[in-house]
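J.: Residues per chain, in single letters:
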Amino acid sequence: MKVGFKLAMKMLAKWRLLSLFALIALVLSGCGKPYLSALRPAGEVAQSQYELMLLSTAIMVGVIAVVTIIFIYVVIKFRRKNDNEIPKQVEGSHKLEILWTVIPILLLLILAVPTVAQTFKLADVSPMDKKNADGKTDALVVNVRASLYWWEFEYPNEGIITSQEMVVPTDEKVYFNLKASDVKHSFWIPAIGGKMDTNTENVNKFWLEFDSKAADEAGGLFYGKCAELCGPSHALMDFKVKTLPRDEFDQWVASMKAVKEPAKAETASAQQGQEIFNNSCIGCHAVTPANTAPEAARVGPNLTNFGDRSRVAGILDHSAENVKKWIEDPEAYKPGNKMTGKYPQLSSEELDAVAEYLMGLKVQK
Amino acid sequence: MQAEERFTYETWPAEPEKATLEAKNKFLGFWFFLGGETVLFATLFATYLALKDKVPSADHALAKDLFEIPLAFAATMLLLTSSLTSVYAMYHMKNFQFKKMQLWLGLTVALGAAFLGLEIYEFNHYVHQFGHTFTSSAFGSAFYTLVGFHGGHVAFGLLWITTLMIRNSKRGLNLYNAPKFYVASLYWHFIDVVWVFIFTVVYLMGMVG
Amino acid sequence: MSTYAQKKGFGATLWDYLTTVDHKKIAILYLIAGGFFFLLGGLEALFIRIQLAVPNNDFVSAGFYNEILTMHGTTMIFLAAMPLVFAFMNAVMPLQIGARDVAFPFLNSLGFWLFFFGGVFLNLSWFLGGAPDAGWTSYASLSLTSTTHGIDFYALGLQISGMGTLIGGINFLVTIINMRAPGMTYMRMPMFTWATFVTSALILFAFPPLTVGLFLLIFDRMFGSNFFNVANGGNTIIWEHLFWIFGHPEVYILILPAFGIFSEIFAIFSRKRLFGYSSMVFATILIGFLGFMVWAHHMFTTGLGPIANAIFAVATMAIAVPTGIKIFNWLFTMWGGSIKFSTPMLWAVAFIPSFVAGGVTGVMLATAAADYQYHDTYFVVAHFHYVIVGGVVFALFAGAHLYWPKMFGTMLNETLGKITFWLFLIGFHLTFFIQHFLGLMGMPRRIFTFLPGQGLETGNLVSSIGAALMGVAVLVLLVNVVTTTVKNEKVGNDPWGDGRTLEWAIASPPPFYNFKQLPLVRGLDAYWLEKMEGKKGMTPAEPIGDIHMPNNSFIPFVLVLGLFIAAFGTMYHAETSWGLPVLILGMAVTLGAMFVRSIKDDHGFHIHKEDLIDDDKDKGVKA
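Protein chains in written order, with this note's numbering: chain A, 1377 to 1741; chain B, 256 to 464; chain C, 14 to 636.
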């Protein structure tokens, strides 16, 4: 009898907890965009962090509920009715005080265990150390380098570099080496997982996983952000993550690798653009993906596949018009950027030509 | 007991540094101040350890190239002795023997000045023989900041004790200035203790690499 | 009329305040200066919310926005919250323990002028080439690359005002240990005094790391050292550690006095002694102690590794326990009490749910793995505004209303006080609640604008509307202050009628020597005990005798002025020829002031017994 009662109580408690979870999930879902919101987890890391959020929220809502009930009762019940009343002076209550010391400790233990477990799980980057016969890792590794105000993505195993738009395969763990080349930044793709700082003195490592179903929902393009104040255009230091199934990703790598030397422009205008580019821009912007120049020389984003990207300068819609606007006056769009004034003023015609050239830089035809 | 009251050997209290409320406050407050100073130096030590031997290139001198134990040991002995002489000074202060106190304080100042002289020689040596300067590397910055902060404390202590000695040379001891002498000597001991840590952490540990 | 109470002209009053060493006048100075900086910081906050009201706004430029956000944080923490807390500590704590002044009246004055000149120096940056722009945390890689003198103003200004805080902390510690009235044992001290005590200990151990950190920054930026210069072997993570070893205890330095003020208010306006007094004391000490063990939770994403992150996560969660103890003790102080909802009590009551909300998000932030999502987003912004506004600022408003009569001898208007309260409360929750969700929806903090189409528009607009309401609330408070000051209706010793502690046993404002005869303390809530036995005031612990008082001094002002001048020299020494001489001149003024202080006898003066008795006769007619 007694055992049965206990079991029933347990079930009841479990059911209550579950319904609470469901309620919270209902409140939280529908919050934010699927390509941006941490409340719409689109990968293993974000999912486990979301579950921790729900667990902690559930516990905390419980605490708030208890406090609120006592609070409302007290504030209503014990209003002063008579100006002469002197209430009994109570010193305290050991029983109560022990109660509200022990219960929070238990609640925190419930939270602490998964927290510690997840913290270690998310920091497990051991596959990065396992090198195969070629001295490469089996796992996909991306070296992220943050600069004012753009991102470089280097694939050391594949020997290619791209920037502003990272391309990754879905449904597998991707490992990251993170660092900054000027000031501290922080690498964050909210829907995919929490952030990690890019420091100036060391390389930080972590992993993320991109879920294919969620990626479909988000249109195959996730928003990434810089999360550490880094200067005037910190707010505009966005990047994008394009997710592809593994085989398409392999194709993308192959077509990137196929670009051994700068692609020849096709139209006459684009050829003129390429000429201008070679005179004024190529000092900072490479148009081949190979990792030949030393890091310090790679002072601007690599533009090999610029035409495939979805944004100009990480923030503007991808159109020739915006390319022209950007080159004409980058300061107006990203204050404090390192590009302004590094090249001669271009005429409107020249801008047209360069824009046409750049928009034609595609590897995915 | 009034602070400005005149005393004789017989009427002088046993603990003149804590005889008035003002003195008690000063005594306790100074201990708290030294607590804060301890954290300050602990932070500087931590910074030094983090940046020890952190230099931009291989041609910079490292701890093991720079430090010489005999010199550091001599400096240590000077400062330790000065701590002892300040103990004697306080002994005489408690016994209302103003002249003797002044004499021992004078010795303390002389030893402290000698220590400071050695330190200046040492810094000069590093700068000119090794090119190890405040701006040459993170190691240099951390070294000169830690040891220099200590040296600055020594210099301030010398100024302080000297001022006290001159100011009170005609007045003699009373309950207004006795606590001042006492806390100055506390400060001096503190500087000495910090140096023992510097000797260990910077010089001895520097030798073993 | 006795010789000590004469009407003075404006010049004489000004000189009096410039040279005062009286803790009550210094409290008023802290209140005025802190209040001014609070308005300034609030104005900066409004600029931030106007800029973020709509996407792609250009109300301010990107660079200017970073200056505003930096100055908002720095001003609010160092120049508004800290000094306002110090104002109440100065005004109330010595009265609560039955002392005639603090232990070091001269240093008290020095501490105020250090804070004041540091704050003025920092704000002069607006007019001299640009304010600091690397956030109030001023992380080293960014603060080293900042091209204006803004960061120099930050480092030097905070260095000067930080010294003042440290001096204040030592002063309060010694005061509480050495100067309690007869019978005032530690376990009979009012909670606010306990909070002051623990806070001062935190200041003593937390500020030196900041001092060192600021020195390293000053050396790197102005003297060519390489602490944070990675190319020459430096390491910027050192700054993060030093800043947060200071920065986290700083949070408790602000919140513990707030807890203290609320503890007083709950007891007074419930007419009931504080529930679980000894566990409250224990919890305060424990919070102070744990406050030093958790700094790295601000650095979960820095890459310290899972072991450090896990340890600091669990340590951080542990702080929730003593904080929870306090919340329940307050609730049970009201339980069975007789609650009167005067303005201070309204703030105190509203504080409980607001602060609990901030506290639970704190526990959420402590879960390291999930914090990778929260860190540096608007979730964090919401969290710390919930604790600092919902905790500290509420307490400052509550304390201002509660202690106004004790400090100025007249009450603030209750109706206006309640209007301020409701406007501010609604505005506050409107502004910050939604920010939790903005952060989770992908909005990083410290961004000068956001792009449309990311689902962030509505939340930001709501938040900005809330901010406007808070602005109006503060305006109402200002009107309240002005009108009641003009009316200046005098009140008696215990204007709330339910005062429990010693400060309510003496006149409002108290005479400059506070207690003619030191009171005999017979238990917790000393004044309440006497009242319950039908007595009018405290039983004296000593016969009427001469009172020893310290002399006023202009030296603190001059000493700090020297540092102020030297700071300009330091900043410009590398690029101008006059920099170094000015630096030397400033230091000479400071050392000279110290020298004068050191060689000049300053024995103070005595108020004679006969004058005290005369004083009594004057008052005797009124009472």
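These are computed hints drawn from the structure, not numbers from a lab.
Any given hint could turn out to be false.
[Stated by the list, open to error] Here are the simulated DSS-like pairs of lysine-lysine, each with C-alpha atoms no more than 27 angstroms apart in a straight line: (1) C:549 with C:353; (2) A:1457 with C:549; (3) C:622 with A:1457; (4) C:548 with C:21; (5) A:1457 with A:1497; (6) A:1640 with A:1738; (7) A:1701 with A:1714; (8) B:435 with C:613; (9) A:1464 with C:353; (10) A:1464 with C:548; (11) C:613 with B:349; (12) B:349 with B:435; (13) B:279 with C:544; (14) C:431 with B:279; (15) C:21 with B:425.
J.: Give a verdict on every hint.
T.: Tested hints:
{"no.": "1", "hint": "C:549 with C:353", "verdict": "holds, 23 angstroms"}
{"no.": "2", "hint": "A:1457 with C:549", "verdict": "holds, 25 angstroms"}
{"no.": "3", "hint": "C:622 with A:1457", "verdict": "violated, 46 angstroms"}
{"no.": "4", "hint": "C:548 with C:21", "verdict": "violated, 36 angstroms"}
{"no.": "5", "hint": "A:1457 with A:1497", "verdict": "violated, 58 angstroms"}
{"no.": "6", "hint": "A:1640 with A:1738", "verdict": "holds, 11 angstroms"}
{"no.": "7", "hint": "A:1701 with A:1714", "verdict": "holds, 16 angstroms"}
{"no.": "8", "hint": "B:435 with C:613", "verdict": "holds, 13 angstroms"}
{"no.": "9", "hint": "A:1464 with C:353", "verdict": "holds, 16 angstroms"}
{"no.": "10", "hint": "A:1464 with C:548", "verdict": "holds, 19 angstroms"}
{"no.": "11", "hint": "C:613 with B:349", "verdict": "holds, 23 angstroms"}
{"no.": "12", "hint": "B:349 with B:435", "verdict": "holds, 13 angstroms"}
{"no.": "13", "hint": "B:279 with C:544", "verdict": "violated, 34 angstroms"}
{"no.": "14", "hint": "C:431 with B:279", "verdict": "violated, 46 angstroms"}
{"no.": "15", "hint": "C:21 with B:425", "verdict": "violated, 40 angstroms"}
Taken one by one, the earlier hints fail for this structure at numbers 3, 4, 5, 13, 14 and 15, listed in ascending order.
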